[in-house]
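J.: If you want the building blocks of each chain, they are given just below.
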Amino acid sequence: MSSLKRHRALSRIWASDPGWKGWFTTVNHTDLGRMFLTVAVFFFVVGGVLAMLIRAQLATPRSAFLGPEHYNQVFTMHGTIMMFLFAIPVFEGFAVYLLPKLLGSRDLAFPRLTAYGFWCYVFGGSMMIFSLLWGIAPDSGWFMYPPLSSTLGAPGINSDFWLIGITFVEISAIAAAVEITVTVLRYRAPGMSLSKMPIFAWYALVTAVMILTGFPPLILGSILLELERAFDMPFFQAAAGGDALLWQHLFWLFGHPEVYIIFLPAAGAISTILPVMARTGLLGYGWIVAAAVALGVLSFGLWVHHMFTTGIPHLGLAFFSAASTLVAVPTAVQLFIWIGTLAKGAPRLHLPMLWLLAFFATFVIGGLTGVMVAIVPFDWQVHDTYFIVAHLHYVLIGGFVFPMLAALYYWLPHFTGRKTYFNLGPTAFWLVVIGFHGTFLLLHWAGLLGMRRRIDSFEPGQGWEAINLIASVSSFVMAIGFALIAIDVIVSVLASVRGSRDPWGGSTLDWAMPTPPAAYNFASLPEVSARDPLWADPDLPAKIARGEGYLGDWARDRRETLTVEVTTGAPRYVVVFPANTGFPMAMSAVTGLFFLGLLTKAYWLVPLALIGVVAMALYWVWGLLPRRGEGAVPVGRGLSLVTAAEVADPPGWWGSLFLLLANGTFFGSLLFGYSFYWTIAPNWPPPAYAELSLVGWALLALGVVLALLGTRGGAGAGHALAVLGTLAIAAVGARVLWLVPDPTVHAYDATVWVLVGYGILHQGIAALMNGVIVARGIAGHGAETWQGPARIARLWTDYGGITAVLAYGAAVLPGALS
Amino acid sequence: MALQGCEETLSVVHPAGPAASAIASLWRVLLIGATLIFGFVAGLIAWGWRRPPGAVNERGFVIGLGFVFPVVVLLALLAYGLVIGERLLPRAAPEVVRVAAEGRQWAWRFSYEDAPERETENLLHIPAGRPVDVAITSVDVIHSFWVPRLAGKLDAVPGHVNTLRIEAYEPGRFAGLGAEFNGRGYRAHRFEVVAHEEAAWQAFLRGETP
Numbered sequence: 001m002s003s004l005k006r007h008r009a010l011s012r013i014w015a016s017d018p019g020w021k022g023w024f025t026t027v028n029h030t031d032l033g034r035m036f037l038t039v040a041v042f043f044f045v046v047g048g049v050l051a052m053l054i055r056a057q058l059a060t061p062r063s064a065f066l067g068p069e070h071y072n073q074v075f076t077m078h079g080t081i082m083m084f085l086f087a088i089p090v091f092e093g094f095a096v097y098l099l100p101k102l103l104g105s106r107d108l109a110f111p112r113l114t115a116y117g118f119w120c121y122v123f124g125g126s127m128m129i130f131s132l133l134w135g136i137a138p139d140s141g142w143f144m145y146p147p148l149s150s151t152l153g154a155p156g157i158n159s160d161f162w163l164i165g166i167t168f169v170e171i172s173a174i175a176a177a178v179e180i181t182v183t184v185l186r187y188r189a190p191g192m193s194l195s196k197m198p199i200f201a202w203y204a205l206v207t208a209v210m211i212l213t214g215f216p217p218l219i220l221g222s223i224l225l226e227l228e229r230a231f232d233m234p235f236f237q238a239a240a241g242g243d244a245l246l247w248q249h250l251f252w253l254f255g256h257p258e259v260y261i262i263f264l265p266a267a268g269a270i271s272t273i274l275p276v277m278a279r280t281g282l283l284g285y286g287w288i289v290a291a292a293v294a295l296g297v298l299s300f301g302l303w304v305h306h307m308f309t310t311g312i313p314h315l316g317l318a319f320f321s322a323a324s325t326l327v328a329v330p331t332a333v334q335l336f337i338w339i340g341t342l343a344k345g346a347p348r349l350h351l352p353m354l355w356l357l358a359f360f361a362t363f364v365i366g367g368l369t370g371v372m373v374a375i376v377p378f379d380w381q382v383h384d385t386y387f388i389v390a391h392l393h394y395v396l397i398g399g400f401v402f403p404m405l406a407a408l409y410y411w412l413p414h415f416t417g418r419k420t421y422f423n424l425g426p427t428a429f430w431l432v433v434i435g436f437h438g439t440f441l442l443l444h445w446a447g448l449l450g451m452r453r454r455i456d457s458f459e460p461g462q463g464w465e466a467i468n469l470i471a472s473v474s475s476f477v478m479a480i481g482f483a484l485i486a487i488d489v490i491v492s493v494l495a496s497v498r499g500s501r502d503p504w505g506g507s508t509l510d511w512a513m514p515t516p517p518a519a520y521n522f523a524s525l526p527e528v529s530a531r532d533p534l535w536a537d538p539d540l541p542a543k544i545a546r547g548e549g550y551l552g553d554w555a556r557d558r559r560e561t562l563t564v565e566v567t568t569g570a571p572r573y574v575v576v577f578p579a580n581t582g583f584p585m586a587m588s589a590v591t592g593l594f595f596l597g598l599l600t601k602a603y604w605l606v607p608l609a610l611i612g613v614v615a616m617a618l619y620w621v622w623g624l625l626p627r628r629g630e631g632a633v634p635v636g637r638g639l640s641l642v643t644a645a646e647v648a649d650p651p652g653w654w655g656s657l658f659l660l661l662a663n664g665t666f667f668g669s670l671l672f673g674y675s676f677y678w679t680i681a682p683n684w685p686p687p688a689y690a691e692l693s694l695v696g697w698a699l700l701a702l703g704v705v706l707a708l709l710g711t712r713g714g715a716g717a718g719h720a721l722a723v724l725g726t727l728a729i730a731a732v733g734a735r736v737l738w739l740v741p742d743p744t745v746h747a748y749d750a751t752v753w754v755l756v757g758y759g760i761l762h763q764g765i766a767a768l769m770n771g772v773i774v775a776r777g778i779a780g781h782g783a784e785t786w787q788g789p790a791r792i793a794r795l796w797t798d799y800g801g802i803t804a805v806l807a808y809g810a811a812v813l814p815g816a817l818s
Numbered sequence: 001m002a003l004q005g006c007e008e009t010l011s012v013v014h015p016a017g018p019a020a021s022a023i024a025s026l027w028r029v030l031l032i033g034a035t036l037i038f039g040f041v042a043g044l045i046a047w048g049w050r051r052p053p054g055a056v057n058e059r060g061f062v063i064g065l066g067f068v069f070p071v072v073v074l075l076a077l078l079a080y081g082l083v084i085g086e087r088l089l090p091r092a093a094p095e096v097v098r099v100a101a102e103g104r105q106w107a108w109r110f111s112y113e114d115a116p117e118r119e120t121e122n123l124l125h126i127p128a129g130r131p132v133d134v135a136i137t138s139v140d141v142i143h144s145f146w147v148p149r150l151a152g153k154l155d156a157v158p159g160h161v162n163t164l165r166i167e168a169y170e171p172g173r174f175a176g177l178g179a180e181f182n183g184r185g186y187r188a189h190r191f192e193v194v195a196h197e198e199a200a201w202q203a204f205l206r207g208e209t210p
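Protein chains in written order, with our numbering: chain A, 1 to 818; chain B, 1 to 210.
This is chain A alone, in the form it adopts within the complex (with noise of 0.2 Å):
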C-alpha cells in the first residue's frame, strides 16, 4: 500500500508532461536517453542508405550510376553521419539512458544540459541532412584535408555545412562528457565507493575524460578551418605561413582517441553483459578498470599512424609505432579477461551472448590487421587503400556495432518491460554477420591489389570485379539483417507480453526497479554494501519500493536525489532538481541561429544570436541560483544533509571543472598550433610582429592582480573590482589586435587573433559570472548560499586571467625577443 502511494506521489513529482509536449520539455533522462537512441538509430539507418549507394555504385566496373560529384558527396556524408551523428550519440544515449539507474541516482548531473545538448544534436543533424538533400553535402572526405576541403578545393558551402554543423552537434558530446563525468564522480547510491562502482560506470567515465579531451583539437581545427574559409585567414596556406599539416595533426589528435572513445563504451556493455551470460562475476575487475584507464591515456599518443605517409622523420615514426602497438596491450588484457569469465562461468547461448561472440571474432581480425598498419612500411603501402576500409569497418562494426546490438538485445527488456520475440533474432543475427563478413573480408586483399579508396568507380583487368561484386551482394544481405532487427525491436516495442523484472539475473542496480522504469528511477535509493549489489541482496529491489532507502520520503514536493563523496560514497549534500522545460530547447534555437548565420554568411544574424544566447544563459543561471538556505533536511535513515545551495562545491563547481578542463585542451591544442607554425611550417618566422609596450604590459599585471584577488575578497565589492579587472585584460587585448590590424596577411597574424580573441572572449565570460555575483548582493541573497557560485565565478576568472596572460604573451613575445 505504502509502496503504491510513494509510487503515486513519486511519479507526479517527476513525470514529464503529457502528450506531444512532453517531448519538447522532458529533461528526464530516461526519455532523452531514449530520444537519443531514436534519433542515432534514424542516422545509422540515413548512413547505411548511403553506404548501400556506395556498394551498388561499386558492384561493377565502370559503374554509371553516381558521378564523381555526387559519389564524393555520398561516402563523405557515410563516414560523417557513422562517426558524428551514429556512435558518438548512441554512446551518450545509453549512459544518459543507464547510468543513473547503474549508479543509485534519479537522474544526470544537469538534467536541462542533458535536453540541451539533445536538441544541439538534433539541430546540428538535421543541418547535415538538409545539405545532403540539396545536393550541397560536404564531398571532401570525412576528414576534411585542407587545402581540398578549403576555398581552394571546395569553393562552395559544401565544406561550410560539415565545420558549422558538427561543431554544433560537438556542443551535444562536450555537454554529455561534463554530465556524464559529475554524474559518475558524485552522484551515486549512498556506500558505492569508487571500488564498488559498475564497472561500466568505470568505462563511461573514462570515456567522457576523452571525449572532453579529445574533441577541443577538432573543434579548433574548424573553427580554424571556417575563419580561413570565411575571412581567408590562411591557417593552412603554405604562402602565407600557413601549413595543410596542422589541419591533419589536429584532426587525428582527436580523431585516434575517437576510436577508442567508440569502442570503451563497447567494451563497457561487454564488461557488463558477458558475466551476466556468463553467470559469474568479472573476472579481474581492478585489471579492467586499469586496462580502460590506460587505453585512454594511450590512444593521446597515437595520432601519428593516421599520417606515416606525411613524410614525418624516421625517428618519429618509431615512436608513433611503437606506442600504436603498445595499445594492443590493455585491448589483450580486456580480451583474455572476458575469455577467463567465460571459462569461469557457465555460459548460456542467449541472443546478447551470441552477438558477443560474433564481436570476438570480428574485433580480433580488425585488432590484428590494427596492429599490421600500425608497422610503418605495411601502412606506406596500404595506407588510403581498401585494406584500410577493410580495417576500419572490422574494428568499428566489430568493436562497436556488435556490442552494441549486444547491449540493445540485453537491455530492450528494460526499455520496454516487455520479453522479446527471439525468433526473428537469430536469423537477423545470421544475415548480419555473414553479410558483413562476405562484405568486408575480401576487400583486404582488394586493398592489396591497389584499389584506392574513395575512387568512384572502377576500370576493370585488376582482378578487382569478384571481389567488389561479392562485396556488394553480400552488404545488401546485411542490410536486410539490420531491417530485421529494426522489425524485431518494434515489435517487441509493441506487441510482446509482460516480462519479468529481472529477465537476465542481472547484478547491477538497473534491474532493482520495476521496468519500463518510472521517471523517478528508485523510489528510495539504496544503501549499496558489495559491487554486485543485486547478487549480494536478492531483496534489494523490496526494499527499494518499500521506501527503506534514502529518500523515500516526498514532503517535500520537489525532485531530489543524493550526491556522495567522490571516493568513499559517503553521502554529502541533497540535491534538488529543475522540473519540465521547453527552456533547453530554446535556446539551443537560438544557438542553432549564431550556427546559421555563420553558415549563411548572414552575419547581422550573428550578434544577434550571440546576445540572445548570453541572455538565455543569464535567465538559465539566475533561476538556478538559489535564494536562501534550508539548514539540512532529514533523507531518510535518520540522516539529515544540506542541500546544495549551501556548500561550496555544487554540482555547478565540479561542472565547471570539468568543461574547463575541455577549454585547456582547446587552449592546449592551440599553443601546439602555434609551436608548429614555428618549427615546421614553411614560411617563417613572418615578416613582421606585434609589440607590447611597458603600459601595456603594466595594465595587463593589474587587470590580473584585480581579477584575481577581487573573487577572494568574499564580498560582491570584490567581484565587482574583479569586473574591472577583466576588462583591463580585455582593453590590452584590444590593443595586441591594434598592432596586427590585417589577420589575412600570415599565419601569424592569423593566429594572433585567435589566441588574443580567445582571452578577450574569456575576459567577458568572467565579466559577466562577476557581475552575476555582484547583482546576487544587491539582490539580497543569502549568505548562507554564497559560497558556492562565488567559487564558481573564480575559478573562471582564474583561468581567464592565466590563459589571457599565455595567449597575450605567445603573441607578443617573439616581437619582444627580436
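Treat the hints as calculated values from the structure; they're not laboratory data.
These figures come from a predicted structure and were not determined experimentally.
Just so it is clear, CB atoms sit at the ideal spot from N, CA and C, and this is done for glycine as well.
Hints are not guaranteed to be accurate.
[Said to hold, decoys possible] Computed, partial: chain B to chain A, Cβ under 7 Å:
1) V41
2) I45
3) V157
Take the given structure of chain A and dock chain B to it, following the hints.
T.: Frame of chain A; chain B shown alone:
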C-alpha cells in the same frame, strides 16, 4: 615484361623492386602470424565455453596472456618493422638518381636532376637497377605518390618536399597512382613509370628519346 598479367599492375603482392619486395615479405609474415593468433584466440574461446564452471588462473589470463604474450609478439614485430623501415630510407649513395615529382589536380609533372631541361607529364623515366630518390611536392591540394609494385606511397604536401626511394629490378613499365583523395578527378589521377636499361636511360637524359 610486356606479357605480365594485367591483374598485377597495381598489386602490392607482385613486387618489382627492393622496397616493394621487402614489404611484400613483411605482409606474408603478418598474414601468417595473424592467422595463427586468430586461431589461438578462437580455440581459447571454444575451450572456455566448454570448460565446466570453476575458478580460473586470473594471473595467467591477465599477466600471461594479456601482457607477456602481446608484448613478446609486438616487440619482435616492431624490431622487424624498424629494420625494414631503415632499409627503405633514402640514404646517400653514389649511384642514386634524383628526380622530382610535382602533383596537381589532376596530373603529375616530373623533372630530372641529371637533365635539368627535361620535364615530362604523367610519365616518369628512371634507370632500372639503380636507386631513385623522388622529391615529391604539390602545387595545390595534398596528393600522394604511389607506384605499388616499386615502393610504398608518400604524400605531396604544399610547402613541403618529401623524398621517397624507389627502384625497379628490371626495365619495364609500372603503373603509378595519386593515392590521396583530391576531388572529382581522383580516379584518373594516374601516371606511369618507365624503367630503362642503362643505354636507354642515357639516351633519355641526352634528350634523344621523347
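J.: Could you tell me which of the numbered hints above are not met by this structure, giving the numbers in increasing order?
T.: When the structure is compared with the hints, none of them turns out to be violated.
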